[in-house]
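With chain A held as given, fit chain B onto it using these hints.
Protein chains: 2
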Amino acid sequence: MEFGSFLVSLGTSAVIFVVLMLLFTWLSRKSGNVPIYYPNRILKGMDPWEGSSLTRNPFAWIREAFTSTEQDVVNLSGVDTAVYFVFLSTVLGIFALSALLILPILLPLAATDDSIKSNARSRKKPTDTISKGTFSQLDNLSMANITEMSPRLWAFLGAVFWVSLVTYFMLWKAYKHVAALRAKALMSTDVIPEQFAILVRDIPSPPNGQTQKEFIDSYYREIYPETFYRSLVVTENKKVNKIWEDLEGYKKKLARAEAISAATSNRPTNKTGFLGLMGKKVDSIEYYTELINESVAKLEAEQRAVLAEKQQTAAIVFFTDRVTAALAAQSLHCQMAEKWTVTEAPEPRQLIWNNLKIKMFSRIIRQYVIYVLVAVTILFYMIPITFVSAITTLENLQKIIPFIKPVVKIASIRTILESYLPQIALIVFLALLPKFLLFLSKSEGIPSQSHAIRAASGKYFYFSVLNVFIGVTLAGTLFDTLKALEKNPNSIITVLATSLPKSATFFLTYVALKFFVGYGLELSRIIPLIIFHLKKKYLCKTEAEIKEAWYPGDLNYATRVPGDMLILTITFCYSVIAPLILVFGVIYFSLGWLVLRNQALKVYVPSYESYGRMWPHIHQRILAALFLFQVVMFGYLGAKRFVWATLVIPLIVTSLVFGYVCRQKFYKGFEHTALEVACRELKETPNLEEVFRSYIPHSLSSHKPEDHQFKGAMSRYQDYAAISAA
Amino acid sequence: MEFGSFLVSLGTSAVIFVVLMLLFTWLSRKSGNVPIYYPNRILKGMDPWEGSSLTRNPFAWIREAFTSTEQDVVNLSGVDTAVYFVFLSTVLGIFALSALLILPILLPLAATDDSIKSNARSRKKPTDTISKGTFSQLDNLSMANITEMSPRLWAFLGAVFWVSLVTYFMLWKAYKHVAALRAKALMSTDVIPEQFAILVRDIPSPPNGQTQKEFIDSYYREIYPETFYRSLVVTENKKVNKIWEDLEGYKKKLARAEAISAATSNRPTNKTGFLGLMGKKVDSIEYYTELINESVAKLEAEQRAVLAEKQQTAAIVFFTDRVTAALAAQSLHCQMAEKWTVTEAPEPRQLIWNNLKIKMFSRIIRQYVIYVLVAVTILFYMIPITFVSAITTLENLQKIIPFIKPVVKIASIRTILESYLPQIALIVFLALLPKFLLFLSKSEGIPSQSHAIRAASGKYFYFSVLNVFIGVTLAGTLFDTLKALEKNPNSIITVLATSLPKSATFFLTYVALKFFVGYGLELSRIIPLIIFHLKKKYLCKTEAEIKEAWYPGDLNYATRVPGDMLILTITFCYSVIAPLILVFGVIYFSLGWLVLRNQALKVYVPSYESYGRMWPHIHQRILAALFLFQVVMFGYLGAKRFVWATLVIPLIVTSLVFGYVCRQKFYKGFEHTALEVACRELKETPNLEEVFRSYIPHSLSSHKPEDHQFKGAMSRYQDYAAISAA
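Going line by line, the protein sequences match chains A and B.
The opening position of the first sequence corresponds to residue 1 in UniProt numbering, with each subsequent residue numbered one higher.
The opening position of the second sequence corresponds to residue 1 in UniProt numbering, with each subsequent residue numbered one higher.
So here's chain A without its partners, still in its complex pose (with noise of 0.2 Å):
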């Protein structure tokens, strides 16, 4: 890719992000459109545009965001949004830290070399005019520009220290921050009711004439006299939830019915067969009410049938005080490990119900295959990237498909096609995979959905570094690449290093996309706002079907994480290589952190809290993105001849040792709940029966209209009505 391109590809880029700017800058300020832009706000019962009300500056959400605490964070988002920031930031110290250093001596050192220069030469006849083609301006900026056994690389190996202490100095602040975050989530002195129950798994069936839960208790009972509360046998509930959604359902149709009555005045009517659409004609609200009749009735037959007779070999155990949960969660219970296996309960609104029920050794069977599958999605994936990156070159269109030669001929399409086709090729594909990804955690038998999504979250990120970073790299050379390994396999590092430089200005474009593009969506919510609108004008007829539609989702961290782990990735390694590319890392980590503590505080609504749990697996992908980093830079240094390359070595060796040491030190602390911090004491007495109501299944507990799956914010419910009418 030519100068030239890249500089278009940029321009266009930041002209997107101004004008999806100035668009929310407009839209957040029309009062309809106020569900989309603060729905947050809404839900928590406060003021969407408390404070800022009364300058309506249009760069007011920038003010806002920065004057934001961590505290406000939590409060509103949860302990694993503020962790989600940490991360942002911790991320940008480093770029920025390095950047600090790198970039006044890098760059210099590189422009004033001559390497590519002199390659060209001396491969054209010396009598040849240089040709400007075979390579970039920007490559003049990168140690491709380097010549071989220079004692300027002197200067790119200190760099390669200096990233390395950087990072190690900002995790290691970032990794005692975060413990503390949670340390004082988890010391709360309000009722959290996981803290005061454990799951337990694998309970073996239980001897003649006693039931599952007579059992539980027992045992329960005689290992904590005094301490044990009661237990939740969990129960197969397939059949019951199907009625309780169609009950839901049918609730719905008779609210909107009802709705559509007293809009029109007249008796809406539909058909009972095929969606509607053909059968007899009925009245709809007569025919709802007998239907959620009929179905109530049933729930309360399946209900008493499901806790008589489905009990299952799992179990929420709950005890009266913290401590004691805390203790109970991290202790061997049964003599063989494979049964009775506690860990701490889960948030109610996160386990995976039907997970509970699978035995130890199948989890670990399921863990082995799921392993093996996503290993070879990795693999056939790497075929069409592989392919798409390939013949994205316009010169390889044009062979493959000549009838494209007219279009491409047009100087300015030619220009847009060359700067983005390979981008979004790439982004389109990425877009498809998470959900796989997540499918396959939670088959695997995880108990919770925040532990499903970090799992596949860790699969996400190799899945990225692998097809994406290493993929797109050696796919430029892949042939040269298939035969150097072939002739011999460990000189991977070597190839991966020396094709590094050739793709710099591919990641320089693509982050700058990804930035600019992705971040101007993220921040204006477009499409979420069309949809919204469409919905409420044509299909919306109740209250709560409005809400359904503008109702924001989480912050997603199952994608957002190792999207942001790879362009991570990739500014590591290319940051001594092509220092330039710091300045997009750090501008892509600070208008991310922007965005989205606006989103954070004003759109997103947590829909789990795993109190920074997530920390641990973000620490250590940065360390093995800084990992990759030093062994690439190893290989790129020993291609230059260079042989001090070889201290590159002991720093290596530091990174293991500092994964290790944190590890040791702080991950158990995220593992389990330490004692110390469960120990606190609580405001008042726990209502342990409410504890206990909290983990009873909606299909289970006793059926009331006013149960609702937005239970947390019922109660400001009415407020968001005031509001939205006026």
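No lab work stands behind these hints: they were computed from the structure.
A couple of the hints might just be wrong.
Note that the list lumps identical chains together, so a pair holds whenever it fits in one copy or between two copies.
[To be verified] Calculated cross-link-like contacts (lysine-lysine; reagent style DSS-like; alpha-carbon spacing at most 30 Å):
{"id": "1", "residue 1": "Lys535", "residue 2": "Lys435"}
{"id": "2", "residue 1": "Lys310", "residue 2": "Lys238"}
{"id": "3", "residue 1": "Lys668", "residue 2": "Lys252"}
{"id": "4", "residue 1": "Lys184", "residue 2": "Lys213"}
{"id": "5", "residue 1": "Lys239", "residue 2": "Lys665"}
{"id": "6", "residue 1": "Lys339", "residue 2": "Lys280"}
Only chain B this time, still in chain A's reference frame:
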């Protein structure tokens, strides 16, 4: 080695064994030898000849060994010893079951083939007579005699499967049995002090104004307000121990002086200078009485100083019930996992007091440093062992030390030298190492004696397998091996496999020597007997001194288990290549079982009790030996150009899976005390003050003369005195 010398060696060993056994029968019936042959019974307060005293049948000890139950062993020698017998009988079972199918099938198959002869023939000119010296008759019974690609190899492949399946079955059964043994012992209704305590290390510095003890007490009282009893802070005892030891020494000398005085009615005197050889002559009784009074005063002063000023960062924390202690020992107390680390408290007598203060990261560093040291030891020992094995063929010896030629010419000496030289060299070698490894293991910072012994035993196992087994096997063909390895490093398995049959006879002799001479000496206790009588006659004056002279020590797992493991590994690896070794394996383990059963019941006194914690290590090493066997067989079948050797690969995978499953299912129950085990009711309310007192070191407890190091034995001591005097 020729067949003749093998038979001579075997015969000599057998004769030695018979002689030693007769000696034992004769000596053990003399009442003066009772404290050597029945010390455990004496210390337990039992009649040494109980039951058998009526018959005085020379083989009564065999009957007694066979009729004793596992419960007898547990009662007389503890769970660890019972677990050791489970190990012996499991291995015996594996070899006996293997031999049952393998010997009748493989031996005829090997004997009727003629690979060796035909090879020998093809090497010589066809007219030559076949040289007898080039192969041993034993080799005809081994796989070496099977022609390449012969369909007979199917039977050998089948044998590999049979041995593996038998091993899985026996190991599974044994693990279950040992787990039950452990659970039963831990469920004991007696008060076991260590079940009420945990060991806490890495305690941070107390805040200003608090002592370490106050800090610890307040920390634990906050977490366990109702079940915390008290804490015992670990102190720096070096100086107080020194004073206490001096005091004990003076007491012994005083007692000795008084005994002499009573016997001879002369006041004994001694000199106060170097070793009692120089200096002023004083009256011993007066002199030591004075020294004792001085020391007692010094001791009390130092005891106060220690408790006040020398508190360290570790403590034993006591709880009022077993469940809380079990819970606390498994749970994370501090958010930062390197502080307030907890483990189950070891028995008081096992505590390695000086290691308790070592901090977590320091322990980890020590551990890795010591792993490196052990690796270096293993590699450096390789050189002398290789050297010894290489020169101990007589031909080589004659070349190196020509003047021994005339001696060697004498046929009988030649045969004996040929049969014993290498084995004796090896045994002497191995005797030097265990103490060093135990020292290294203790330096790792391990808090308990039994744990240090397990660690040392593991190191010794790897040492012996690597050095003795692989070392000796490869040494015969050392230079060929090195050349082959240079060409292709992956060929180690093939090289090892093909050089195995050459060493088969060496190992047959080694095993035979081990069991006949080793167990003969073990049973007859000739050396302890001689030492005891010499000491009794010339040195001992007081009862305490006599007791010290016969006090038997424990079974010494640290070297016994790795020794057995080496035999096990050798037998496994040759079980199919030279099936005759199975007979020797069976004899070794059955003789071992018999002799040691006698020793466990009558002689050895366990010095600690770890409730079978050694089993997981034993299990894993048996499995490691099986794994080595499978890999070697894969290589050897491959070297015989048998394509179906690949069928061994699924078997190797099965071994790994089997090990993983066992670890998952059983290991945690050995690492911790399961709660369902800890929650059993006690026979009586525990006397917590007594539990606490049992952890106070001798040098810190208020000093009374009857405190003695053989605590468990004290109450029975008078009984012995009566017998011994008779």
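Alpha-carbon proximity between Lys184 and Lys213, which holds within one copy, between copies, both or neither at 30 Å: between (35 Å within a copy, 27 Å between copies)
Alpha-carbon proximity between Lys310 and Lys238, which holds within one copy, between copies, both or neither at 30 Å: Only inside one copy: Lys310 and Lys238 sit 10 Å apart there, 64 Å across copies, limit 30 Å.
Intra/inter-copy verdict for Lys668 and Lys252 if alpha-carbon distance must be at most 30 Å: The answer is neither: 46 Å in one copy and 51 Å across copies each exceed 30 Å.
Within, between, both or neither, where Lys239 and Lys665 count as close if Cα-Cα is 30 Å or less: Result: close neither inside a copy nor across copies, 46 Å intra and 34 Å inter.
Identical-chain pair category, Lys535 with Lys435, by Cα at 30 Å: within (25 Å within a copy, 81 Å between copies)
Within, between, both or neither, where Lys339 and Lys280 count as close if Cα-Cα is 30 Å or less: Intra 55 Å, inter 73 Å, cutoff 30 Å: neither.
Hints 3, 5, 6 from the earlier list are contradicted by this structure; the remaining hints agree with it.
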